Amino acid sequence: MLASINRKLGLLIFIVAAIYLYLSFQLPNYQYAPIDADVIPKGLGILLLVLSVFLFFSRAVETDAEKAKRDIPKKELGVIAAVFAMIFVYILLFETIGFIITTSLFIFLCSWFLGYRAWKANILVSLLFPIVMYAIFVFALGIVLPRGILPF
Amino acid sequence: MDAFQGLLTGFQVALSLEGIMFVLIGVIVGTLIGMMPGLGPISAIAIMIPITYGMDPAPALVMMAGVYYGAVFGGSTSSILLNAPGISGTVATAFDGYPMAQQGKAGKALAIAAISSFIGGTVSVVLLMLLAPALSSVAISFGPPAYFALMFMGLTAISSLSEGSTIKAMIAAVAGFMVVTIGIDPQTGTQRFTFGNVNLFDGFDFLIIALGLFAVAEVCMLILNRKNRSLSDDQKLGSLKLSKADLKEMSGPVSRQSFVGFLLGVLPGAGATIASFISYIFEKRIAKNPEEFGKGSIKGLAAPESSNNAATSGAFVPLLSLGIPGSGTTAVMLGAFLVLGVQPGPLLMTDRPEIFWGIIASMYLGNVFLLILNLPLIPYLAKILSIPRPLLISLVIMFSLIGVYSISFNVFDLYMLLVFGALGFAMRIFSFPAPPFILAFILGGMMEQAFRQSMTISNGSLSIFVDSPLPLSLLLVALVSLLVPAFLKWRSNRLAYKQG
Numbered sequence: 214m215l216a217s218i219n220r221k222l223g224l225l226i227f228i229v230a231a232i233y234l235y236l237s238f239q240l241p242n243y244q245y246a247p248i249d250a251d252v253i254p255k256g257l258g259i260l261l262l263v264l265s266v267f268l269f270f271s272r273a274v275e276t277d278a279e280k281a282k283r284d285i286p287k288k289e290l291g292v293i294a295a296v297f298a299m300i301f302v303y304i305l306l307f308e309t310i311g312f313i314i315t316t317s318l319f320i321f322l323c324s325w326f327l328g329y330r331a332w333k334a335n336i337l338v339s340l341l342f343p344i345v346m347y348a349i350f351v352f353a354l355g356i357v358l359p360r361g362i363l364p365f
Numbered sequence: 002m003d004a005f006q007g008l009l010t011g012f013q014v015a016l017s018l019e020g021i022m023f024v025l026i027g028v029i030v031g032t033l034i035g036m037m038p039g040l041g042p043i044s045a046i047a048i049m050i051p052i053t054y055g056m057d058p059a060p061a062l063v064m065m066a067g068v069y070y071g072a073v074f075g076g077s078t079s080s081i082l083l084n085a086p087g088i089s090g091t092v093a094t095a096f097d098g099y100p101m102a103q104q105g106k107a108g109k110a111l112a113i114a115a116i117s118s119f120i121g122g123t124v125s126v127v128l129l130m131l132l133a134p135a136l137s138s139v140a141i142s143f144g145p146p147a148y149f150a151l152m153f154m155g156l157t158a159i160s161s162l163s164e165g166s167t168i169k170a171m172i173a174a175v176a177g178f179m180v181v182t183i184g185i186d187p188q189t190g191t192q193r194f195t196f197g198n199v200n201l202f203d204g205f206d207f208l209i210i211a212l213g214l215f216a217v218a219e220v221c222m223l224i225l226n227r228k229n230r231s232l233s234d235d236q237k238l239g240s241l242k243l244s245k246a247d248l249k250e251m252s253g254p255v256s257r258q259s260f261v262g263f264l265l266g267v268l269p270g271a272g273a274t275i276a277s278f279i280s281y282i283f284e285k286r287i288a289k290n291p292e293e294f295g296k297g298s299i300k301g302l303a304a305p306e307s308s309n310n311a312a313t314s315g316a317f318v319p320l321l322s323l324g325i326p327g328s329g330t331t332a333v334m335l336g337a338f339l340v341l342g343v344q345p346g347p348l349l350m351t352d353r354p355e356i357f358w359g360i361i362a363s364m365y366l367g368n369v370f371l372l373i374l375n376l377p378l379i380p381y382l383a384k385i386l387s388i389p390r391p392l393l394i395s396l397v398i399m400f401s402l403i404g405v406y407s408i409s410f411n412v413f414d415l416y417m418l419l420v421f422g423a424l425g426f427a428m429r430i431f432s433f434p435a436p437p438f439i440l441a442f443i444l445g446g447m448m449e450q451a452f453r454q455s456m457t458i459s460n461g462s463l464s465i466f467v468d469s470p471l472p473l474s475l476l477l478v479a480l481v482s483l484l485v486p487a488f489l490k491w492r493s494n495r496l497a498y499k500q501g
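Protein chains in written order, with the numbering used here: chain G, 214 to 365; chain U, 2 to 501.
Calculated directly from the structure, the hints in this document are not laboratory data. Source: prediction; values computed, not measured. Mixed in with the good hints there might be a few duds.
Computed cross-link-like contacts, EDC-like style, restricted to lysine to aspartate or glutamate with a CA-CA straight-line distance of at most 20 Å [unchecked claim]: (1) U/LYS228 to G/ASP284; (2) G/LYS221 to G/GLU275; (3) U/LYS289 to U/ASP352; (4) U/LYS228 to G/GLU289; (5) G/LYS280 to U/ASP203; (6) G/LYS282 to U/GLU164.
For each label pair, taking beta carbons as the anchor points, the in silico distance ranges come out as [unchecked claim]: (7) U/LEU496 to G/ASP277: 14 to 20 Å; (8) G/ILE218 to U/TYR54: 38 to 44 Å; (9) U/LEU248 to G/PHE326: 45 to 51 Å; (10) U/PRO486 to G/LYS280: 43 to 49 Å; (11) G/THR276 to U/LYS228: 21 to 27 Å; (12) U/GLU292 to G/LYS280: 27 to 33 Å; (13) G/ILE232 to U/SER474: 32 to 38 Å; (14) U/MET22 to G/GLY328: 34 to 40 Å.
Where chain G lies over chain U, by a calculated footprint (3+ residues, C-beta under 8 Å) [stated by the list, open to error]: (15) 48-60; (16) 309-316.
Where a beta carbon is used, it is the ideal one built from N, C-alpha and C, also for glycine.
Based on the sequences and whatever the hints tell you, model everything.
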């Protein structure tokens with residue numbers, strides 16, 4: 214049982230390495246290079262394959278600290294997944310609706326979701342931060358952020 | 002140009018109005034980000050990179066260097082006040098710093114940390130100034146085989162010195178190297194692993210990897226720990242004053258560990274974290290009363306603090322003179338150089354003396370700023386630790402997204418940031434170290450190029466790596482650095498296994 218997590222990880226990495234190696238062998242040849250583009254990838258693929266086997270058979274006992282890191286309540290993983298989903302929606306809407314509006318909404322909702330209940334301060338930060346960042350990037354640094362539906 | 006003249010050039014850069022301003026911005030931002038528990042110097046540098054677009058390289062890099070050593074300086078504050086190290090380089094600081102703070106002597110602990118950091122930082126800038134030019138002039142004659150061997154040694158060193166399993170660290174390094182093979186091969190024009198996706202033709206920008214693997218993954222860890230204490234308003238810092246006896250007690254560890262830290266910083270793979278631990282153990286071994294360590298010993302606080310800052314400047318030696326980073330953090334620094342179109346390496350000192358010497362000179366200035374900033378202003382700076390975690394999390398996510406978007410203006414890269422964030426989080430949960438990944442990602446392209454150049458020179462024979470003494474000895478060192486710790490671990494595991 215002790216080694217089971219390393220076995221699972223070893224197996225997963227073995228599969229990744231195998232796919233990578235398979236793709237490396239599909240790379241086209243280029244006649245004039247003494248060392249073609251496929252040499253390093255093939256070497257890396259084989260190396261990862263070997264390492265995954267080592268990991269699979271490694272007798273290393275998982276330390277308590279390592280186990281504690283892995284032991285995350287399902288609910289907390291759900292929270293992280295929800296934050297990732299929020300970021301995903303943010304990216305989806307970012308160019309159409311524009312930087313300032315989406316960023317304001319994101320900061321307010323994400324902070325609220327994570328348990329920040331001081332809503333006045335929250336509103337203040339989620340309005341000021343995007344506006345200040347927008348001003349710095351667009352006017353001072355000359356980096357254009359999407360304007361979206363706002364006129365400026 | 003001799004060192005003295007060079008240093009004058011450097012001070013012209015550092016002491017110009019622009020120079021002073023950017024050193025100051027760099028160290029303040031570095032200190033603030035370094036203080037935040039969980040956010041390390043890699044995130045600090047990566048978050049600041051977009052700000053440097055369009056800036057002159059010299060002031061921009063002076064600022065980035067300031068962010069780096071400022072973050073190491075600032076990391077000690079949260080170690081001492083919260084027992085929650087801002088960065089891994091200040092974990093050892095908490096061993097004696099936090100007990101001191103609990104005894105109501107937080108102010109004293111912060112002052113000791115600030116002074117030790119200042120001395121460690123300054124001593125090692127002097128050593129950097131002496132060593133980097135010398136190494137540059139030697140390295141100028143290195144051919145591709147030597148470079149390949151050096152980078153290879155850097156990767157094996159960081160893998161074997163990483164915390165935890167060496168196999169996992171090597172897997173992380175190989176994975177980082179694999180990610181860099183995605184894209185069009187610059188030498189033959191072959192598309193590798195792009196699946197015809199136009200967005201992948203140029204490969205991944207290193208900022209996506211750095212921000213994903215570090216900033217976003219660190220945010221995930223912050224989400225898990227969001228209910229941990231932040232600084233409460235009623236926490237008393239106490240006086241910042243140090244007595245003569247305190248200073249005398251510090252002097253021994255600080256003067257020794259500044260050198261130890263510098264040396265460990267120069268060596269590939271080590272860096273601030275390992276330096277601080279070794280210095281702590283070193284001082285504990287030679288102390289007359291080792292039982293005081295861990296209970297608020299002045300020596301136990303001064304040792305890691307001088308050492309980690311010394312290691313930070315030490316890490317600039319291989320970066321500036323060889324162009325090869327030895328740690329995850331300096332790998333991201335190298336990325337910052339490349340973004341600005343500056344290639345560090347043996348030619349930097351002669352081709353761009355204002356950058357080479359500007360950075361070194363600015364470090365003297367930066368360390369003075371940090372001391373001035375930290376001693377009187379620490380109670381106010383520490384207020385940033387009372388930022389509510391949920392708000393901090395949202396803001397760091399925003400900084401990462403804006404950072405990536407501003408390099409490519411491509412939404413695809415933002416999705417990739419999310420993917421690498423998830424990967425970085427998974428790596429943390431399953432104890433795969435991230436620094437070997439980012440170092441391999443940064444070195445991978447250079448290593449492949451050096452390898453293929455060597456093989457072209459030798460007409461395809463691998464013997465070029467063992468025919469001349471330098472590459473051969475470097476590769477041997479690499480092999481030993483990998484095998485010895487692996488063997489020791491294997492033996493201790495076997496013993497543990499036998500004993501049940």
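Violating hint indices (sorted, rising): 3, 5, 10, 16
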